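Top line first, the protein sequences correspond to chains A and B. For the first sequence, the working numbering gives the first residue as 1, with consecutive numbering after it. For the second sequence, the working numbering gives the first residue as 1001, with consecutive numbering after it.
Think of the hints as simulated: they come from the structure by calculation, not from any bench. Note that the structure is a prediction, hence the values are computed from the model and not measured. Even glycine gets a Cβ: it sits at the ideal position worked out from N, Cα and C. Mixed in with the good hints there might be a few duds.
[What the hints assert, rightly or not] Partial chain A-side listing against chain B, Cβ under 7 Å, derived:
(1) Ile10
(2) Glu11
(3) Leu21
(4) Met146
[As the list claims (entries may be wrong)] From the derived model, a few chain A residues whose C-beta atoms are all more than 12 Å from chain B:
(5) Ile157
(6) Met253
(7) Leu277
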Amino acid sequence: MEKKAHRLIIEPGRVEKNYWLDLWIFKDLFYILSWRDIKVRYKQTVIGTLWAILRPFLTMIVFTVVFGRVAGLKTEGNAPYALMVLAGLLPWQFFSTAFSSASDSLVTNANLLSKVYFPRLIVPASAVITSLIDFLISFVILIGMMIYYQYVPEWKILLIPVFTLLAFIQSFAFGLYLSALNVKYRDFRYVVPFIVQIGIYISPVGFSSSVIPEKWKVYYYLNPIVSVIDGFRWCIIGNGAANPFNQYFLLSMVITFTMLMYAIYKFRKMEKTFADLI
Amino acid sequence: MSQTVINVQNLGKKYLIGHESKERYTAMRDVIVQNIKGVGKSVKRLFSEHGPGITGSEIEEFWALKDVSFEIKQGDAVGIIGRNGAGKSTLLKILSRITVPTKGHIEIVGRMASLLEVGTGFHPELTGRENIFLNGAIMGMSSAEVKRKFDEIVEFSGVEKFLDTPVKRFSSGMYVRLAFAVAAHLESEILVVDEVLAVGDAEFQKKCLGKMDDVAQKEGRTVLFVSHNMQAMSSLCNKGILLNKGNIQDQGAISTCIENYYKDSKVFDLNAHSALGDRLNRTTGKVRFDRVEICKPDSTDSIWSFTNEQPVEFKFDCIAFDESDGLTFYVAIKSQISDIIITNFKSVVTKQTVKKGQAVSFNLCLPEGSIRPGQYNLYFAIGDLALKEWHDVIDENVSLPSLIVTSTKIDNHENSGFCTLPFQLNVNEVE
């Protein structure tokens, strides 16, 4: 063997030095697992991928009617209300599906966890990647809506990838932590859908952040996804939309990255017991 | 060449198991008190290290492995044997890094691939082709590696025709063949295989064993192998580790391990077998087996495991409950892995009429080397002279233990197959 002898030491409580190297070795698994989930998701359905478009589209209509017409809330800038809703709905749907499927991912892949070794981090990460693909598909609606309203976006639309990355990190951080907790305490299976349900009302999905009274904003922005949704609106609506880089943006970023670090730290700690607990 | 590739020292793995306490609740008050205590405990447990996974009011420590130490040299093919719950799978799981040990130290040199289950991660909705890539990636192969070996894998599995069919439509045999084919093409210096060969048809099992043999002997890779198929063990492995309740009971040559494994077994105490005794009273046959002993000719203790260098001898005692017109003895020896009957013969015990109450006793001897290493089911029957009427049958249905033949030599020419035919070689000319 020309290859350098690969030496591995297994001891209780030992922190694996080559964890990040292993992650690289198994890099193919990231997209293979997400590819599997995408392939499988719409098998034996008639309209297939169209579901990825139809669901946000119908939600948009409902929210526009409820918040825009019935409640009569004002939109941002001079964008049509439906477009404003959609600009918030797309990142929210990405965040919520990524977050909930990542939280569930370890438990649904229990058979893998108890039979093969690979860095467990891959499982929730690829659940987020799967949701990202759905998110990209749903952009078709946005394009369709812009054509329908003949709405010309500004240069800011080019910043969408930045906010997408932030949404990715947020859903990964929270999903990662909850997926580990889920292995140990299945209670979180019931907690996660609840969080998502509440989340859609405390995040600016059906309404604009500008309707929030100033004195509540500190609490409102403790929810880190708010800044990301604001960012999406700013990119898509452009003229007249509130600038997301307000004084709360930093708070949101601190929460996001602290959570990411904490989640990775906790996950790595609990990871070793997964096979025994699951 | 004989560098140590796996070094295990004082390995221990502890699990916590819960029990319900034995007290029975008699009064409503006790029930309430117990329940409140229970809630308190589960809240407490929520914040303790092992979480709520373990239920029961008493928690017991259970050592699945204790003080296990061994060394494996490069190129060894090691068979790990032991009863259910001996810790074999736990050991493999620790070695393959699925779970962490509680104690001890392990050093592994070289890339290790483990196959603890056939078809891990196979998705029923995906096609055969897609599953090859999926399974390969899960096992740690890169996509490029799978692509390179794709044709080989498909050929080995023999399911070319169904490559684009979802595997949920596969027969279970096809499923297993495809899964094993992927695993068999893993590139690694050390291969760890759990009981995965107990599936598929006889032909494919042979193919798998052949592949394993290639890996172990031709390619000189180190193999760790768990199986209850002793024939496969003795032909594939040269070293053995015998585990018993989490401890190493024996390690060394595979044949001695297998022999110790069976020696230790209580199953061979045939005379204590109630099933056989019951049968004696239950059946209505005219002549019935009373006692069956399996013995080595030079010793008195009965043993079920033989090496192929010694003859296998059985001693039968029969009692006539009614008059029988002569007596014929019938034997079948069936291979356990393939259900092939390898020997099938009848012999006349006596041509004379057997009278009521008469005892008949006879021995059967299989000469040394006539049965090839393996695990066999035995089937003995007696009937009248023309075998028109069958009086009594004993086989595995009455818990007659199976016969194990092992080999002390590593010689594929002598170890494979089922039996040796008494053929003659007539040499005409040697120049």
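Quick rundown of the hints versus the structure:
Interface restraint check for Ile10 of chain A: the shortest CB-CB distance to chain B comes to about 4 Å, inside 7 Å, so the restraint holds. Taking 7 Å as the C-beta cut-off, the interface hint given for Glu11 of chain A holds, the closest approach to chain B being about 5 Å. Proximity of Leu21 of chain A to chain B is violated relative to the hint, the smallest CB-CB distance being about 13 Å (cut-off 7 Å). Interface restraint check: Met146 of chain A against chain B, minimum CB-CB distance 35 Å, threshold 7 Å, status violated.
With a least CB separation of 34 Å from chain B, Ile157 of chain A remains clear of the 12 Å interface cut-off, as annotated. At the 12 Å boundary, the C-beta of Met253 of chain A stays outside the reach of chain B, the nearest C-beta of that chain being 31 Å off. A beta-carbon of chain B is positioned within 12 Å of the beta-carbon of Leu277 of chain A; the least distance is around 5 Å.
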